[in-house]
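Asks: As a plain string of letters, each chain reads:
2 protein chains.
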Amino acid sequence: MSTVLHETTTAAASTGSTRKRLREGAFGHARALACRECGHEVELGPSYACPECFGPLEVAYDFPTVTREEIAAGPANIWRYKALLPVPSDIEQSPNTEPGFTRLLQAHNLGRELGIDTLWVKDDSTNPTNSFKDRVVACALSAARELDAKVFACPSTGNLANAVAAAGARAGMKTVVFIPSNLEKPKQVNSAVYTDHLVAVDGNYDDVNKLASEIAGEEEGWAFVNVNVRPFYAEGSKTLGYEIAEQLGWRLPDQVVIPVASGSQLTKVDKAFRELVALGLVEDKPYKVFGAQATGCSPVSVAYKAGTDAIRPVKPDTIAKSLAIGNPADGIYVLDICRRSGGAVEDISDDEVRDGILLLARTEGIFTETAGGTTVGVLKKLVETGQLDPTLETVVINTGMGLKTLDAVADRVGPAATIAPSYDAFVASGVL
Amino acid sequence: MSTVLHETTTAAASTGSTRKRLREGAFGHARALACRECGHEVELGPSYACPECFGPLEVAYDFPTVTREEIAAGPANIWRYKALLPVPSDIEQSPNTEPGFTRLLQAHNLGRELGIDTLWVKDDSTNPTNSFKDRVVACALSAARELDAKVFACPSTGNLANAVAAAGARAGMKTVVFIPSNLEKPKQVNSAVYTDHLVAVDGNYDDVNKLASEIAGEEEGWAFVNVNVRPFYAEGSKTLGYEIAEQLGWRLPDQVVIPVASGSQLTKVDKAFRELVALGLVEDKPYKVFGAQATGCSPVSVAYKAGTDAIRPVKPDTIAKSLAIGNPADGIYVLDICRRSGGAVEDISDDEVRDGILLLARTEGIFTETAGGTTVGVLKKLVETGQLDPTLETVVINTGMGLKTLDAVADRVGPAATIAPSYDAFVASGVL
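The listed protein sequences derive, respectively, from chains A and B.
Here the first sequence is numbered in full-length UniProt numbering, starting from 1 and rising by one per residue.
Here the second sequence is numbered in full-length UniProt numbering, starting from 1 and rising by one per residue.
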């Protein structure tokens, strides 16, 4: 495929609210949007539902030959995998937050604590706005640019709002972030620093979401990252899988534990592993995929345990807000992947979430948010219940950072002693 | 130098409170600790003041030949420069936080705003505990290990406490962090999550510091990162300079703007640039170094403007707490470097610090803490006052992240509108 990028007369995408003439290579080696249910393909553009069966669309590719060396010669961010993403080959030239290639830490201490022989933590808390959302938003931003969107936008309460507001500022795009008006002030500030266009909506998150869909339908030229450019956005999560494999020395782990909100991340890590095998970049081997939820919002785990495919929507009630999606769009695919691979889906209580946060901080020096506490806590439960094999190499994903959900553990930790400023007082304190 | 590492009978360091037989190569290619004032050399060990003249000791090396290719083949963290640091060649085998190799972002928007042709932001907010302190602490941790320290420790109010507590947890070392007892609860939590040995001291930061020095003098086997292993610790800041040069494509910038607290970071970036030239890794060229302070704690800037070498200690009164060192140990060297290179030292008000935070967030999508707001605000002032040449390639360093000092801008930003959850309400709001 030519990497020369220029304006062509390629027909614009025929659906959605954003239209432009696409330049050649606007979406890299992506071929089409393909329906996950019926396989029907539509042109690349701001579409997200199959016109035949309303199934979800995802990006399909005609991949070129890609070598480990080419990838290793790329930048220390997600664009080292640009040949495998729906982005143009000159993506590095467009200002973006340059997320990814985060740490994969071998977790000796946590492994010892849990009785797992070989354990790794993939730590996405060190992304530009401190969550894995920077990956997906970077891919959505590229799509928004190539589709000539006028406005970059999202509805969100947390990590996504931060990531969109930051990426939009860096790209110099008009960026509108919709939040529920009762969102805590610190979380508002963490998005409002980046944009003049933070909009508070009197309603709950569902109301905010519905408003976003309405605007996406009514307005021309809006790119809502998780609505009308969602297929491009979702592909960003594949980079977590690519990085895990590359950082392990170009091989797949035996087991991987991933938090489940919409379920998109888990399905994309699995997709990434399969792509790497298909491309000959890693050896084929069996691996088990595990999903983690908080009990207060565990529709996928409930369905898994009931042995059914029917996911019953729930009203979330958990401190793990960034996992609190009561009706997860990709839940059905999560069930399929976890069952087919020999993994499982498990859930834990909010107290166990808090324990998970402290366990990871105390053992590996990683301060995670409630989503990460959920994943680590579920890892522990999976071992204890015999669902995860502690003799197999395991990777657990941390998706965000603890400063964003400080309250979750604020009452659980503190000074061991308060002393007068003297050596004698320190000795007398018995701290050591 | 042999890279075979084994126990030898090399004499232990003769000063300080931590003693052990050093293994060969414990400090890599470091040769000795050399006095910055008189040049007197002492053995590598837990010493920080010259026994001859009480000048500060810093690490001296016998560097091997190092190539760009060897460095590029290393990990995406500071250990890619291990041959240039006082660490053993097997440093990657010892659990540490793996900091560094953070983003160097070309700042088109901020450059345009300030009228600077070519501007880069070196963004250290994406380190493991979200500040540059992870770099220095990783080097201190290695020294503590090689010296067989029993306890890893620091006095701190902020970023350093976080970095030490996290690194100590990951290393599995007993870690004690001393803080003033009146430190705000969220800042306490951000260290207490990692360690059971947070000690609150009834007193101000000076009292806490004095207590730390007292314990370092009385106790065997304590490694206080910024006291008795300070020479090793300080070397970690060199990696900021190495990375800037490598990420620019192995060349030096024309101008670099660096915050000044103790002044150590600025002197080490300069040292790094000179080492790269000496090693033939970059071409020699003139570069100007600029220091940034907040007016409420600007002893170095005051001395610079007065044209004197006498730095008069001050009592800090600024929101830029992580720069609030009233009696900066390396201030005199900062003056020398900035004057000799044709740079300058400048300071700005707390309101300008807040402006700097928002300016960086709005233009580049980077949410920095007050220290970064200081540096960006000073950059602006340097251009406006004609002290910095806007036609020369410039790098500005961001040392930390905004969630840690959220209050600084909490009253300055917020929603543009609060609306009912309907499309009509959005249109009527006039947000766009």
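I should point out that these hints are in silico values taken from the structure, not numbers from a laboratory.
The C-beta atom is built at its ideal place from N, Cα and C for all residues, glycine as well.
Just so you know, not all the hints are guaranteed correct.
Partial list, computed: chain A residues near chain B (C-beta under 7 Å) [as the list claims (entries may be wrong)]:
1) E98
2) N109
3) G111
4) G296
5) F367
Under the rule of at most 25 Å between Cα atoms (straight-line distance), these lysine-lysine pairs were calculated in the DSS-like manner [to be verified]:
6) B:K150 x B:K210
7) A:K185 x B:K315
8) B:K174 x A:K185
9) A:K271 x A:K315
10) B:K187 x B:K381
11) B:K305 x B:K381
Asks: Are there hints from earlier that the structure breaks, and if so, what are their numbers?
Replies: 3, 4, 7, 8, 9, 10
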